[in-house]
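Enquirer: So the chains spell out like this:
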Amino acid sequence: MTIHTLLEALYATELAVQIRESEFAFPCIESVHVLAIAVVVGSVAVVDLRLLGWASRDRPVSRLSADVLPVTWTAFGVAALSGFLLFASNAPKYLENPYFRGKLVLLGLAGLNMLVFHLLVGRDRAAWDAGRPTPRAARFAATLSLVLWTLVVACGRWIGFTMLAGY
Amino acid sequence: MQGLFDRPLAALSAWLADTALSHLLQAVDWLVPAIQTLHILAVALVISSVLLLSLGVFGLHGREQPLSRTVARFSPGIRWGLPALLVSGALMIAAEPDRALPNPAFQIKMALLLLATGLTWSYARDLRRAPATAPGAPRSLALRAAAAVALGLWTAVLIAGRWIAYTLSR
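Residue numbers (the working numbering), protein chains in the order written: chain A, 1 to 167; chain B, 1 to 170.
The set of hints was computed from the structure by calculation and includes no laboratory data. Here the structure is a predicted model, which is why all the values come from computation and not from measurement. Each residue gets a CB set at the ideal place from its N, CA and C atoms; glycine is no exception. Where hints are given, some of them may not hold.
Unchecked claim - Stretches of chain A that chain B covers, calculated by requiring three or more beta carbons in the stretch to come under 8 Å of a beta carbon on chain B:
no. : stretch
1   : 15-21
2   : 25-34
3   : 52-60
4   : 64-75
To be verified - To give a feel for the contact side, a few chain B residues facing chain A, derived at Cβ under 10 Å:
no. : residue
5   : Gln36
6   : Val46
7   : Ser48
Modelling step: build the complete structure from the supplied sequences, incorporating the hints.
Expert: This is the structure we're talking about:
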């Protein structure tokens, strides 16, 4: 089964038809998607800004992360699910869209950045958790994260303009 | 009520659409999506700060510190995010005044924005002025209700914003 027959099958599902043909389903799901992405990006930025030493300096990185990350992960789950529903409404066309592909790649890179940070930079976190400045590698990871998430949002907006669903 | 503002709004819209700024924003085709991207980033900062502030008020994090510390931690995100929202939003209106000004979703959004800002500002001010609030002290029902309503209002602002694209008066 190639990816295209799979996408065509998804396109033909009852769920996809419902989202595509209802006047309200798409904007409703899209509103949830934007809300969830806003919470993902904003809460990630809270931790990034702490790593850069620009905000929340009175709270150890580990404490702030523990406050914020459950919010981030919950919102990410909602964003992924609502995003999948939007994608399902017109899967073959979305996959052709360069900004959609770019967004997926950038999401992967943002995840990879987070993973590398946790495994390598975060290993000796106890040494700099409550202090400042944070290590150069942590500040680099934070900057990269802010850039990648900004580009994710930009790609999302450009998908809207190039798909001409609602812009 | 609506009828009362129809004509002045239409006049403002027509004037805005003919300014040099509007022409520029229309002529360069990547400008509007770029400004919308900045607008969403500012939305992200504000809504996340409001959400984390509310969760602090509900006692879901930061319980070992006075609540005034949680307010101090998350209000800069609102204070810096709001002007960015207003500037990017104003540019989006300048680019396509007819898309926004006469649009009911936009008008509802502005009313909700005033309520959300007012309520958030007022309860955060009360919290800052009560630094004696001990760590882990019970949060009053009124305070938790204010935080919950404010969070709901901000969510409604965001949703109304997305619906502007779907309620164009053609």
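Enquirer: For this structure, which hints from the list above don't hold up?
Expert: 1
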